[in-house]
Each structure stands twice: as C-alpha cells, then as structure tokens.
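A.B. asks: Given chain A's structure and the hints, the job is docking chain B onto it.
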Amino acid sequence: MSEKLLEIKDLHASVGDKEIIKGLNLTINKGEVHAIMGPNGAGKSSLSYVLSGKDGYNVTSGSITFKGKDLLSLSTEERAQAGLFLSMQLPTEIPGVVASSFLKQSLNSIRKAHNEPELDTINFVKLMRAEAEKLNFPQEMLKRFVNVGFSGGEKKRFETLQIALLKPDFCILDEIDSGVDVDAIKTISEGINNLKNNKNAFLIITHHEQLLTQIVPDYVHILANGKIIKTGDKTLASKIEKSGYTEFPQEK
Amino acid sequence: MTLPLIKSVDLFLNNKPSVFALRETAKKALQKTGFPTLKTETWKYTNITPILQSNFDINTEESSCGHDCCCHEREATSDFPFIEIRFCRGKLHVEEYNTPKGLSVTPLPLALYEDDYKRYLFNSFDLEKHPFAALNGIYLEQGICITVEKNTKITSPVLIKYNQNHCENLQTHLHNLIVMEKGSQLDLIEEIVSDDGFSHLTNIVNELYLKADARLNHYKIQKESSCAHHLSLNAVKTQTNSSYMQFYFSNGAKISRQETFINLEQQGAKAEIYSAYKVKKDCLSDITTNINHLIKETFSNQYAKAVLQEKSAATFQGKIHIAPYAVKTAGTQLHKALYLNNDAQLNCKPELEIYADDVKCSHGASCGEIDKEQLFYLNSRGINQEKAKQMLINAHLEEIFSFIPNEKIKNYFLSKNIFS
Numbered sequence: 001m002s003e004k005l006l007e008i009k010d011l012h013a014s015v016g017d018k019e020i021i022k023g024l025n026l027t028i029n030k031g032e033v034h035a036i037m038g039p040n041g042a043g044k045s046s047l048s049y050v051l052s053g054k055d056g057y058n059v060t061s062g063s064i065t066f067k068g069k070d071l072l073s074l075s076t077e078e079r080a081q082a083g084l085f086l087s088m089q090l091p092t093e094i095p096g097v098v099a100s101s102f103l104k105q106s107l108n109s110i111r112k113a114h115n116e117p118e119l120d121t122i123n124f125v126k127l128m129r130a131e132a133e134k135l136n137f138p139q140e141m142l143k144r145f146v147n148v149g150f151s152g153g154e155k156k157r158f159e160t161l162q163i164a165l166l167k168p169d170f171c172i173l174d175e176i177d178s179g180v181d182v183d184a185i186k187t188i189s190e191g192i193n194n195l196k197n198n199k200n201a202f203l204i205i206t207h208h209e210q211l212l213t214q215i216v217p218d219y220v221h222i223l224a225n226g227k228i229i230k231t232g233d234k235t236l237a238s239k240i241e242k243s244g245y246t247e248f249p250q251e252k
Numbered sequence: 253m254t255l256p257l258i259k260s261v262d263l264f265l266n267n268k269p270s271v272f273a274l275r276e277t278a279k280k281a282l283q284k285t286g287f288p289t290l291k292t293e294t295w296k297y298t299n300i301t302p303i304l305q306s307n308f309d310i311n312t313e314e315s316s317c318g319h320d321c322c323c324h325e326r327e328a329t330s331d332f333p334f335i336e337i338r339f340c341r342g343k344l345h346v347e348e349y350n351t352p353k354g355l356s357v358t359p360l361p362l363a364l365y366e367d368d369y370k371r372y373l374f375n376s377f378d379l380e381k382h383p384f385a386a387l388n389g390i391y392l393e394q395g396i397c398i399t400v401e402k403n404t405k406i407t408s409p410v411l412i413k414y415n416q417n418h419c420e421n422l423q424t425h426l427h428n429l430i431v432m433e434k435g436s437q438l439d440l441i442e443e444i445v446s447d448d449g450f451s452h453l454t455n456i457v458n459e460l461y462l463k464a465d466a467r468l469n470h471y472k473i474q475k476e477s478s479c480a481h482h483l484s485l486n487a488v489k490t491q492t493n494s495s496y497m498q499f500y501f502s503n504g505a506k507i508s509r510q511e512t513f514i515n516l517e518q519q520g521a522k523a524e525i526y527s528a529y530k531v532k533k534d535c536l537s538d539i540t541t542n543i544n545h546l547i548k549e550t551f552s553n554q555y556a557k558a559v560l561q562e563k564s565a566a567t568f569q570g571k572i573h574i575a576p577y578a579v580k581t582a583g584t585q586l587h588k589a590l591y592l593n594n595d596a597q598l599n600c601k602p603e604l605e606i607y608a609d610d611v612k613c614s615h616g617a618s619c620g621e622i623d624k625e626q627l628f629y630l631n632s633r634g635i636n637q638e639k640a641k642q643m644l645i646n647a648h649l650e651e652i653f654s655f656i657p658n659e660k661i662k663n664y665f666l667s668k669n670i671f672s
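Chains A and B supply the protein sequences, listed in that same order.
Using my numbering, read the first sequence as starting at 1 and increasing by one per residue.
Using my numbering, read the second sequence as starting at 253 and increasing by one per residue.
Everything hinted at is true.
Listed next, with one range per pair, are the computed distances between beta-carbon atoms:
| hint | chain 1 | residue 1 | chain 2 | residue 2 | range |
| --- | --- | --- | --- | --- | --- |
| 1 | A | Ser-73 | B | Gln-597 | 35 to 43 Å |
| 2 | B | Cys-479 | A | Lys-196 | 57 to 65 Å |
| 3 | B | Glu-327 | A | Gln-210 | 52 to 60 Å |
| 4 | A | Arg-111 | B | Glu-659 | 27 to 35 Å |
| 5 | A | Thr-231 | B | Asp-595 | 50 to 58 Å |
| 6 | A | Ser-73 | B | Leu-604 | 54 to 62 Å |
| 7 | B | Leu-604 | A | Val-15 | 37 to 45 Å |
| 8 | B | Asp-610 | A | Asp-17 | 50 to 58 Å |
| 9 | B | Asn-594 | A | Lys-69 | 35 to 43 Å |
| 10 | B | Lys-563 | A | Ser-2 | 52 to 60 Å |
Listed next, the in silico SDA-like pairs over lysine to any residue satisfying Cα-Cα at most 20 Å (straight line):
| hint | chain 1 | residue 1 | chain 2 | residue 2 |
| --- | --- | --- | --- | --- |
| 11 | B | Lys-641 | A | Thr-92 |
| 12 | A | Lys-143 | B | Asn-658 |
| 13 | B | Lys-434 | B | Thr-404 |
| 14 | B | Lys-639 | A | Leu-166 |
| 15 | B | Lys-624 | A | Ser-46 |
| 16 | B | Lys-353 | B | Glu-336 |
| 17 | A | Lys-143 | B | Asn-663 |
| 18 | A | Lys-104 | B | Ser-672 |
| 19 | B | Lys-624 | A | Pro-95 |
| 20 | B | Lys-280 | B | Asn-267 |
| 21 | B | Lys-522 | B | Glu-603 |
| 22 | B | Lys-588 | A | Phe-145 |
| 23 | B | Lys-641 | A | Pro-95 |
| 24 | A | Lys-143 | A | Pro-91 |
| 25 | B | Lys-402 | B | Arg-371 |
| 26 | B | Lys-522 | B | Gln-437 |
| 27 | B | Lys-639 | A | Ser-101 |
| 28 | A | Lys-54 | B | Lys-641 |
| 29 | A | Lys-54 | B | Glu-638 |
Treat the hints as calculated values from the structure; they're not laboratory data.
All residues carry an ideal CB built from backbone N, CA and C; glycine is no exception.
Bound-form chain A, shown alone (with noise of 0.2 Å):
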C-alpha cells in the first residue's frame, strides 16, 4: 500500500490579479517520481513557488496536504525543515554568503527543527566533503560566495549536493536540466538516482525527454493553462518529444 506524501486539490492560484493555477490536483505518493511537462507559460514554475511558499503567488482557493499537514498554513523556511526542497531553475547568486557556511546553516536550521542536535564544524566539514566528493563538486567551490560565478552546471550540481546533504523527504526540481550539457545532466541524474529511496519523492519540471531517460519517471503529467490536463506513463514524454503539445486539446 502506497502512502501519499503531496495532496493537491483543486488547486487556484494567482500572481497579483493574474491567476496561473486553474484546479489542479496532483497526488504523490513516497517513493514515486513524476515528471510534469507543458509548454512555455503553462504554469509548470509558479506551480514550484506556490508549493513553496514564496511571496506573490497567492492561494485563492483548494488545498496541498503535505505529510498529513496543511502546508499552505506554513512558512516557506517551515515548509523547508517539514522536508520540501526545491531546486530552482535559476539559482540565486548571494554574493558575500560563502557556500560552505550556507550549507552548514541550512542543514542546522533544519535539524534543529527537528529537536536534532547542531552539526559542529568539524563533523559538518566532514559530511560536506564526502557528499561533494560523490558528486565530483569541486571542494574549492565550497569556498566561493553561494552561486556566485558559477556556471549553469556548476549551480545545478550545487542544488543537487544541497538534496544530498539536507535529504529531504519531497523535491522540485524545477528544469535541473536547462543550461548544463550532457556530462552535467548525467552526474546529476545519478546523483539524483542514488537519493532516490521508498520515502521520499521526486517532481520533475522539464522540457526535454533526455532528462527522463536518466531519471525515469512514474508517471508524466502535460501541465496546460493551469491545470494538468493529461497524465501518462514515461512513453508520454516521447510522445510529446516527437510531435509537441499542439495534439493535446487546451481548454481556455
């Protein structure tokens, strides 16, 4: 028997007067990777901010049901430590905050929530350098300011040592794929198998089948104006791969 992890019903949500979300509902069990795909402006990004929490895009109505929670009463750092992870699709530059004293204090802020005790430096330098070491993450660049200067792979597999370290129990990985070449894609997608167990899950935002042919997924979902609007299995990505989102009928 399945357990569910994400509960989303009839999910309405909009960016200032805009709305971007039109009733979807998606249900993840652990365990479980979906994929979702859809053209440009379809919604797949806002759908990863409002899971997230972040200002501006406003819940009108429905509801997300997270590990037996309401997750639209927390805080986006609450919805972090509660085990929500997502991995954007530009990753922030934060010039001045070093990545290796971000990590530390991530990965603190969330144990500590759990009533876990504080990592010390050096037992945190140590699990930093050995989850490093498994994703070929420079250990230099853990000296560097938080993105800063890193290249499109680079900030991807800074995201993907970032699930790595802080294991978290449901992960967005909103177009983890965009801006790396092809030996990026594939350590990161290892990466990414490797975490994979049977109580976590995995939702993934892309626009290329390849990404699904190293993590594959469960199930395929077309997100179109708002709401899903068909899902399949993972042939559905190399249906959509080969002849576009145009035979999919769009409601308006």
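C.D. replies: Okay, now just chain B, sitting in the frame of chain A:
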C-alpha cells in the same frame, strides 16, 4: 581664543624645545581655524557639537593599566604570530617587541626624546585643514613609530590594539608614524575596541610614508561603544610604484569619522580603500576620503559598503583630485548601501576635481533594501527570516573581505565577527 577640549596638562618633554614647538604649531593651527561647524564644507553632514560640549578629560595617569586588564589577552597564536603593540586607555604598554630583522618599533615618547622621526611629524597633511589632527598634535605624546627597512618583507602582521574600555569621559590622542623604506612590505592591523556604555573620544592620527616600490596593507577595525566618539585621520604619502591598500571595518559609534588623505606623488603610485561599515541606533558614521593624483600614471580605487539600521546616519564623502598634467591616471569610487529602516539617512557626496585630460574617473552610489530573491532562497533552505536577514546583511558587508589579499588575515577578521 579659548577652545573646547584643550586642557592644560603636563605632557612628557614639554621642556624640550623641539617637542614644545611641534605642539605649539598644532595649537596655533587650531586656534587659527577653530573647530569645524556644519557650515564647513567637509563637515556639513557631521555635527560634532556633542563632542565639543562633552568636555572630555585627558588621562594623566602615568602607567597604562593593572595586570588584570583585558588588554593582557593576546591575539597571536602559534599558527598566526602577530607582532602585538597594545595601548590601554591611551597609554602604551611598554614591553619588549620580538621584532624580526628589518622592522623597528619605537614608542613615540622615545622617538621625540631622541629627535628621531622629526621630519615625518605633521609632514603628510596640513594641520590647518584637519582640525582634529591639530588637536591630536597639541597632545602629541603617545603613539608608535614603525620603520620597515629597505627591501624587507615582514611576514608577520603588526597588530596595534587600542583598548578603550574604562575611558569614561576621556579624550585619547594617539599619533603613529609608519615609514616604509624602498621596496619594503608590511601588513598593519589596527583594532580599536570598547564595550557598550563607555563614552569617550578616540582620536588616532597615522602618518604613513611609502617610499618607492613599498607595499603597505593597512587594516583597521573600529568596534567601539555606541556612546563612543571616534575621529581619525590616515595621511598617506606615496612614491614611485608604491601601493597602499586600506581596509576599514567599522561597527559604528555615537559619532565616528574616518578620514583618509592620500597624496599620490610619484608615477605608478597606487592607493585602494575598501570600507565596510554598519551603523545602528542613532549613531552617525562618516567616511571621508581625499585622494590627490599629483602626477601622471597614478591609480586609486575606492569601494565602500554600508548597512544602515534604525535611526542611524551615514556619510560618504569621496574626493578625487587630478592635478593638471596628471594624465593617464585612473580614479574610481563606488558606494553601496543597504537600508533596513526608513528612518535611516545616507549622505553620499562624490567630488571629482579633474584638471587633466586623458584620465579615467568614475563614481557611483546605490542603495536598496534586502534582496527578496536572496531572502527566498535562504528561507527555502530552512533558514528562518531573522537569521536569513542577518546573513544577507553580513554578506553585504563581507563582500569587502574578498578583496583582502592575505588569506590568513581574511580568516582572522571573519573569525572576529566584526559586525555582530
């Protein structure tokens, strides 16, 4: 004309004509100009009336402090040996300095006694243009003279620590001379500390002479009480291909002003000033610079970052003067401020006086609030609002650390949590 802050005190060597004459020169200069007012162009944003009204005393105690004083704590570690010079309540801790070959450290009273360094005193700035440096000169007594010999690279930094604790109601004047002989190199760190609650005036004048090819990296950490007053001058003279780098980190004071006056006198001379400062409560922080490009092919760069909290005020006045014929020079200036409160006030006054063609000069200023995208990124990683904001405030300031050329010194400053 009677002026505030001038007390009749019995200074060391007042009976020695050469020393007496120096103090008299300073006194005459101040009597001529008087203290600045808000009508004085370079002081229009910094109201010093509270300092003039304070009637601060002079510390007339002979020795510096007792043995249980906190200034006995040393910063040096076996991993990072500093050469430490310590002042407490404005008096030098007389001790044996374990100086490497090529570095000499002489207490100012001794230098005055022996008439050493005389040609360097009051020679790097105009007493009539720097009234508080003139005030400092009237009390010329305490300070340190450092010389680095020709072609000598001193690997251990020299740390001058000023412990201003228990200086309640005192004015402290220190005068240091730094002479960098041809091709010499030194890292000099100044650290001024006092705990919250103490009200005093700290006035430090550094005269810095860089001969040809000399390199001086000068760091200053000012971390005094939010009731303290701090007025200081760094006056720098640089010769051919020498390089002066200044890093100023300030956590504010009731009124603080760091003034830097640099003469780039010979070709290839270079000066860089990096500042990071945080102002809180109703404190006022003033950074004033004046860089004179007196000859062709000289370079200067200034980058300052500020954080303004509560009802604080900050002033950044940066003057770049390029003399006629000083062609192929470059002078740049940038100030970035982070506002955390609508009641905070920032005055930015760039002044570019360019009398030569074929020069590259620029200035810029920006101010803004905490970046929402950065805040979201940190929050989305489980870091709470307050902590995330703190991280971004420190990040804004700590960008300046990335320009520190010495990794060990950079880590030392980072470990000190200057801005917390």
